[in-house]
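Chains as they are written, first to last, in my numbering: chain A, 1 to 109; chain B, 1001 to 1118.
There could be a bad hint or two in this list.
As the list claims (entries may be wrong) - Residues of chain B placed beyond 10 angstroms of chain A at every Cβ, according to the derived structure: (1) 1008; (2) 1014; (3) 1040; (4) 1044; (5) 1045; (6) 1063; (7) 1065; (8) 1067; (9) 1073; (10) 1111.
To be verified - Calculated lysine-lysine pairs in the DSS-like style (CA-CA distance at most 27 angstroms, straight line): (11) A:101 with A:45; (12) B:1057 with A:42; (13) B:1057 with A:79; (14) A:45 with B:1014; (15) B:1071 with A:96; (16) A:96 with B:1014.
Just so you know, the hints here were simulated from the structure itself, not pulled from any lab data.
Note that the structure is predicted; figures quoted are calculated from it, not measured.
Cβ atoms here follow ideal geometry from the backbone N, Cα and C, with glycine treated the same way.
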Amino acid sequence: RKEVEQDPGPFNVPEGATVAFNCTYSNSASQSFFWYRQDCRKEPKLLMSVYSSGNEDGRFTAQLNRASQYISLLIRDSKLSDSATYLCVVIEEDDKIIFGKGTRLHILP
Amino acid sequence: NAGVTQTPKFQVLKTGQSMTLQCAQDMNHNSMYWYRQDPGMGLRLIYYSASEGTTDKGEVPNGYNVSRLNKREFSLRLESAAPSQTSVYFCASLGEQGFERSYNSPLHFGNGTRLTVT
C-alpha cells in the first residue's frame, strides 16, 4: 500500500524560532509533491510546491530528496499566524493523490 | 470563476437516511476526488474519478457510491447513513499536467460539508 508518513506533532515552537518537518513517501514513482496548510478543518490551501532543486518562498523552504524518498519544509522566523496543520501531499503517476495525516504546529508567543 | 462548488455546507441525518453531496468544478479538470476527514486524522480518499464516466475506489469506499455523469460534476451518495460516517467531506479537482500543476495550486478544494449522523 502506497503511503505518506508525517510526524503528527504537535510541535510547540516559540515565536521567532526555526522549525522543520519531514515527510516520507513509499512509492518511488510518485510524480509531484506539495505542502498544504490546513486551518481548523477548513479546506487545505497550497503552501508550496516541492522540487528536487529546492523551493524558497520568503520564510519557507521546501526540498525533495528522491533518493531517500522524503520531502522537507523549513519555516524560519516563525509567526503566530503559522500555527496550523501542515499536510504533505504526493501525486502518483495515475493521478491518485495521497495525503499525509498532517503535522500540527503551535507557535507560542 | 467559482472553482469547486460543494453543497451542502452542513447536514444532519438520522441513521438510515440517505443523501447526496454535490460537487461541481468549472475549470475543465479531468480528475476529481472525494475525501473525508475525521478529528485527528488526515484526509482519506473515498473515491476518485480520472475522467468523465470512470470512478475508482479509494481507501475508505464502503458505505458510499459516486457518480461522474459529466466532466463538471462528481457526486457522493450515502445510501443508508451510519454514525461512523459523521465527518467533514471535501471534494477536490486536480489541475492538468504542466504549468497549472507545477506552478499553481494543483488541487482545488470545495469548502467542505460537515455531516453529522445521529
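Outcome of the hint check:
1. 1008: holds, 15 angstroms
2. 1014: holds, 23 angstroms
3. 1040: The claim is violated: residue 1040 of chain B sits with its nearest Cβ about 8 angstroms from chain A, within 10 angstroms.
4. 1044: violated, 8 angstroms
5. 1045: violated, 7 angstroms
6. 1063: holds, 20 angstroms
7. 1065: The claim holds: residue 1065 of chain B sits with its nearest Cβ about 19 angstroms from chain A, beyond 10 angstroms.
8. 1067: holds, 19 angstroms
9. 1073: Holds: least Cβ distance 18 angstroms, greater than 10 angstroms.
10. 1111: Given that some Cβ of chain A is not farther than 10 angstroms from that of residue 1111 of chain B, nearest at about 6 angstroms, it is violated.
11. A:101 with A:45: holds, 15 angstroms
12. B:1057 with A:42: Within the cut-off at roughly 24 angstroms; holds.
13. B:1057 with A:79: Violated - the C-alpha atoms of residue 79 of chain A and residue 1057 of chain B are around 40 angstroms apart, more than 27 angstroms.
14. A:45 with B:1014: Since the Cα atoms of residue 45 of chain A and residue 1014 of chain B sit roughly 32 angstroms apart, the hinted pair is violated (cutoff 27 angstroms).
15. B:1071 with A:96: holds, 17 angstroms
16. A:96 with B:1014: With Cα atoms ~32 angstroms apart, residue 96 of chain A and residue 1014 of chain B exceed 27 angstroms; violated.
This entry does not satisfy hints 3, 4, 5, 10, 13, 14, 16, going by the numbered hints stated previously.
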